[in-house]
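Model the full structure from these sequences, guided by the hints.
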Amino acid sequence: MVKRLVVGAHYGFGDWLLQRLTAVVMALYTVMFAIRLSMLTSYDVFAWYDLFSSGMMRFATFLFFMSLFYHAWVGVRDIFMDYVKPISVRLTLHAVVAFLLLGYAGWAAQILWRL
Amino acid sequence: MTIEHIARTANFRIYRYDPDKDAAPYMQEISVELDPTDRKLLDALVRLKSKDDSLSFRRSCREGVCGSDAMNINGKNGLACLTDIDSLPQPITLRPLPGLPVIRDLIVDMTQFFKQYHSIKPYVVNNTPPPERERLQSPEEREELNGLYECILCACCSTACPSFWWNPDKFVGPAGLLAAYRFIADTRDEETNERLDNLEDPYRLFRCHTIMNCVDVCPKSLNPTKAIGKIKELMLSRAV
Chain A
11 MVKRLVVGAH
21 YGFGDWLLQR
31 LTAVVMALYT
41 VMFAIRLSML
51 TSYDVFAWYD
61 LFSSGMMRFA
71 TFLFFMSLFY
81 HAWVGVRDIF
91 MDYVKPISVR
101 LTLHAVVAFL
111 LLGYAGWAAQ
121 ILWRL
Chain B
464 MTIEHIARTA
474 NFRIYRYDPD
484 KDAAPYMQEI
494 SVELDPTDRK
504 LLDALVRLKS
514 KDDSLSFRRS
524 CREGVCGSDA
534 MNINGKNGLA
544 CLTDIDSLPQ
554 PITLRPLPGL
564 PVIRDLIVDM
574 TQFFKQYHSI
584 KPYVVNNTPP
594 PERERLQSPE
604 EREELNGLYE
614 CILCACCSTA
624 CPSFWWNPDK
634 FVGPAGLLAA
644 YRFIADTRDE
654 ETNERLDNLE
664 DPYRLFRCHT
674 IMNCVDVCPK
684 SLNPTKAIGK
694 IKELMLSRAV
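Just so you know, the protein sequences line up as chains A and B, in that order.
Mapped onto the working numbering, the consecutive letters of the first sequence carry residue numbers 11 to 125.
Mapped onto the working numbering, the consecutive letters of the second sequence carry residue numbers 464 to 703.
Some hints could be false.
Below, a list of computed lysine-lysine pairs in the DSSO-like style, where the Cα atoms sit at most 30 Å apart [what the hints assert, rightly or not]:
1) Lys514/B - Lys95/A
2) Lys13/A - Lys584/B
3) Lys514/B - Lys539/B
4) Lys95/A - Lys683/B
5) Lys95/A - Lys584/B
6) Lys95/A - Lys633/B
Residues of chain A placed beyond 10 Å of chain B at every Cβ, according to the derived structure [said to hold, decoys possible]:
7) Val41
8) Met42
9) Arg68
10) Tyr93
11) Ala105
12) Leu110
The set of hints was computed from the structure by calculation and includes no laboratory data.
Remember, predicted model here, so these are calculated numbers, not experimental data.
Glycine included, each C-beta is placed from N, C-alpha and C at the ideal position.
Structure (structure tokens):
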């Protein structure tokens, strides 16, 4: 069989756009988090608990982590697409990273709502 | 006023490889006496070739229009005919354009580069019956094509792009994408949507990570990164 080169998976634009939007979310959160930290009167475990006790803070932090994981997914996948040529190895690596990031998202939620 | 004729010598380290004779490529150290009229790197190379006629390189117009004599000059891609010989630190290291298969010495196989160029349909597609005279554009519409149509396809940009090095078969490359935008921006072209569809792929357009090596090396001072940005903007405006 002649090896044919196939391109045209129409997800390039969506991923590119989402990577930029998630970067904006992370940048905004970083500024907001820095401000909240600077407003703390004491830096101990109780202040930390207090900071994350509000639903808004938990939601914003979770959104940050989701953005981080999606952003990382696109970036890491790009690296695999550039450097890992055998399709089977690449698919395996994609799957490992995807499930790892999904696991991290679940873990982040568990930690945030346990605080 | 007298013109001082100072004897000038150009020292070179040149990538040499003749697949019929050499087992592996090697760097040849060679010097040549320059004439006072020799101003460009190409002048020195032509003089060098008269000394060692086994040296192979492409050249044609010798004035930056044909794009034949693109090579890697002291680590940076450029045209030999536009590079001032006196501006280069010596020894001048010359290598073939990176990332493309070497045919011999400084001559590379540009098949992959032109394959990508042809993949973007580098011509106006217009299926409406042509008017009696030419298809007209307003001065403003024509203005859009400035900075795009001047590309001479020398491949300096695409072969300076790591994304093109890794995926020359899938990533169109800066030269191809600049040409793609040249036809997207052309008001006489009727295939904008198809052209955008053709590029909406994780490889063909989105391997560009905006490192701007292409802008850095373009001997015609064009800006493929800007053109790529405009293609992305158009994709955005049709998607949201």
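Evaluated hints:
| no. | hint | verdict |
| --- | --- | --- |
| 1 | Lys514/B - Lys95/A | 45 Å, violated |
| 2 | Lys13/A - Lys584/B | 23 Å, holds |
| 3 | Lys514/B - Lys539/B | 25 Å, holds |
| 4 | Lys95/A - Lys683/B | 35 Å, violated |
| 5 | Lys95/A - Lys584/B | 28 Å, holds |
| 6 | Lys95/A - Lys633/B | 12 Å, holds |
| 7 | Val41 | 23 Å, holds |
| 8 | Met42 | 25 Å, holds |
| 9 | Arg68 | 29 Å, holds |
| 10 | Tyr93 | 7 Å, violated |
| 11 | Ala105 | 17 Å, holds |
| 12 | Leu110 | 20 Å, holds |
Of the numbered hints stated above, those contradicted by the structure are hints 1, 4, 10, listed in ascending order.
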